[in-house]
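A.B. asks: Turn these sequences into a full structure, and let the hints guide you.
Protein chains in written order, with the working numbering: chain A, 1 to 250; chain B, 251 to 500.
Do not rely on the hints blindly, as some may be mistaken.
Quick list of simulated restraints, FRET-style, between CB atoms [what the hints assert, rightly or not]:
| no. | chain 1 | residue 1 | chain 2 | residue 2 | range |
| --- | --- | --- | --- | --- | --- |
| 1 | A | ALA151 | B | PRO298 | 35 to 43 angstroms |
| 2 | A | ALA233 | B | GLY387 | 24 to 32 angstroms |
| 3 | B | GLY387 | A | PRO99 | 46 to 54 angstroms |
| 4 | B | ASP384 | A | PRO95 | 52 to 60 angstroms |
| 5 | B | ARG463 | A | GLU185 | 42 to 50 angstroms |
Just so you have them, the derived chain A footprint on chain B, three or more residues with Cβ under 8 angstroms [claimed, not checked]:
| no. | region |
| --- | --- |
| 6 | 337-349 |
| 7 | 435-442 |
Simulated from the structure, these hints should not be mistaken for laboratory data.
For each residue, glycine too, the CB sits at the ideal point set by N, CA and C.
Number of protein chains: 2
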Amino acid sequence: MSTRTPGDVPAGYDPADYPAFAVTVDVVILTMVDGALHVLLVRRGQAPFAGDWAVPGGFKRPDETLDEAARRELAEETGVDAASLLTQFGAYGDPGRDPRMNVVTIAYLAVLRDVGAPVAGTDAAEAALVPIEDALGGGVELAFDHRAILADAVARVRRDLEVTGLATAFVGATFTLAELRAVYEAVWGVRLDSANFRRRVAADDDWVVPTGRRSRPGAAGGKPAELFSAGRAWQEGGPIRRPRRAQRGM
Amino acid sequence: MSTRTPGDVPAGYDPADYPAFAVTVDVVILTMVDGALHVLLVRRGQAPFAGDWAVPGGFKRPDETLDEAARRELAEETGVDAASLLTQFGAYGDPGRDPRMNVVTIAYLAVLRDVGAPVAGTDAAEAALVPIEDALGGGVELAFDHRAILADAVARVRRDLEVTGLATAFVGATFTLAELRAVYEAVWGVRLDSANFRRRVAADDDWVVPTGRRSRPGAAGGKPAELFSAGRAWQEGGPIRRPRRAQRGM
DNA sequence: ACAGTTCTGGTCATGTCGACCAGAACCCCC
DNA sequence: GGGGGTTCTGGTCGACATGACCAGAACTGT
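C.D. replies: Shown next, in the form of structure tokens:
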């Protein structure tokens, strides 16, 4: 027969008759540093691609799910046991992507709200937070097909910021509207009017709920901003739409 | 060391030291039949899940990419060499999802504009176009974790219809606005005003470009509709936004 | 006290969207 | 050939959302 479904094999089949692959899980860890999107990369010690930077990852174990493997790799890499967000976004299995053997990798996107302390826990010489532009531009040598994986991750973030509650994953449990707005501005590379931004997220309650507390102003002073926590409406999608035409103030 | 990247192995490593998986590619094939979303399912002949319905798929070969494997499976199943759309949307690797061995499957979404003839080419007793509601409801027994895969595919379609040019993949090279509108109405389960729909897609050219020809009216008569072809703007996203609140005419 | 900064509420013009109407163009049936 | 039914197509109208902008409030550091 011309069609074959998984497991549609003769009764006396032998698993060795089917091509074997190694399956890995790679986790693209993104976070905001000084109002700019950064990615956590590790430096490879062994061949191939020794000395190059890579997205952290590791082999999937037969007794764990893909999500569990991603969570385990994230914990091993950052010390964080639960990220704000951990989403699978792609699979990569081109022949020759690993010169040693057939490897199919499942790529995950993790968003952390504060990766400072966790990174300090690993060997500082082997892990680094790299600005997205540097990682995607030619400045950094990336191992395997990790440049394509990283590019796909960034594209996914840019889109999910509009259609999911992804933005809240970048900020803490309580946040000011300026912090939340900075996420959109950094990821999309746009400038949003703070007053209009406030009007939009405050239109319905359930986007942001006031906590009553206020943040301490930054070094530049200014009126202390109100602290909010994320409401339930983010599960249905985000309130902020990506501007199509360039705004005035750019 | 606590961290390990793919291939970060000792020099004298042996591929057999790492867990081996079978990698398959499953293709969820969607199409419109009589204004309703349908999925192509095949009936399994062997154990496990003999007699159940399944999403067509097969083993990935070491010398082909995942996309090539998906295209090959689609061609073997439908006879179509190039679908209107073929997108990877998820990977599934829970332990025990296949009772015989460790299988990780990469799921693809294919959209066909006319699957009638191709399906006739395969054994009619083993392949069928099933309405989405029937396949997701309890009426059809689905093998493996294919119910979850199918549910994810439908969720993906519902979302991509808004943010990508997916809608044009369901219709032919030329189409009427009523045909295009029927895609949105079937996938989202809403009713869209035909006049407003026209205004939206005709706002900018580059959404639909008139061909000058007209369609033949259906059995109920009516004014023959103008035939359009898809413009380039669909690559940037779709013009129709999903209604949030229920419209009046529902 | 004062300048500088940020937050916060407000206005105003414009654009978009849903709802609706009416004529045009075709079918089928009598 | 005429009439009723159906669909297509262009238009209007009001409600609402959005972008741009302004001004006062509240805090910082000098």
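A.B. asks: Could you run down the list of hints and mark each one as holding or not?
C.D. replies: Tested hints:
1. ALA151(A) - PRO298(B): 35 to 43 angstroms: At 39 angstroms between Cβs, range holds.
2. ALA233(A) - GLY387(B): 24 to 32 angstroms: The hint (24 to 32 angstroms, Cβ to Cβ) holds, given that ALA233(A) and GLY387(B) are roughly 29 angstroms apart.
3. GLY387(B) - PRO99(A): 46 to 54 angstroms: 47 angstroms, holds
4. ASP384(B) - PRO95(A): 52 to 60 angstroms: With Cβ atoms ~38 angstroms apart, the hint is violated.
5. ARG463(B) - GLU185(A): 42 to 50 angstroms: Because 47 angstroms falls inside the window, the suggested range holds.
6. 337-349: Check passed, 8 qualifying residues.
7. 435-442: Answer violated; 0 residues pass the 8 angstroms Cβ test.
Hint compliance for this structure: hints 4, 7 are not met, and every other hint is.
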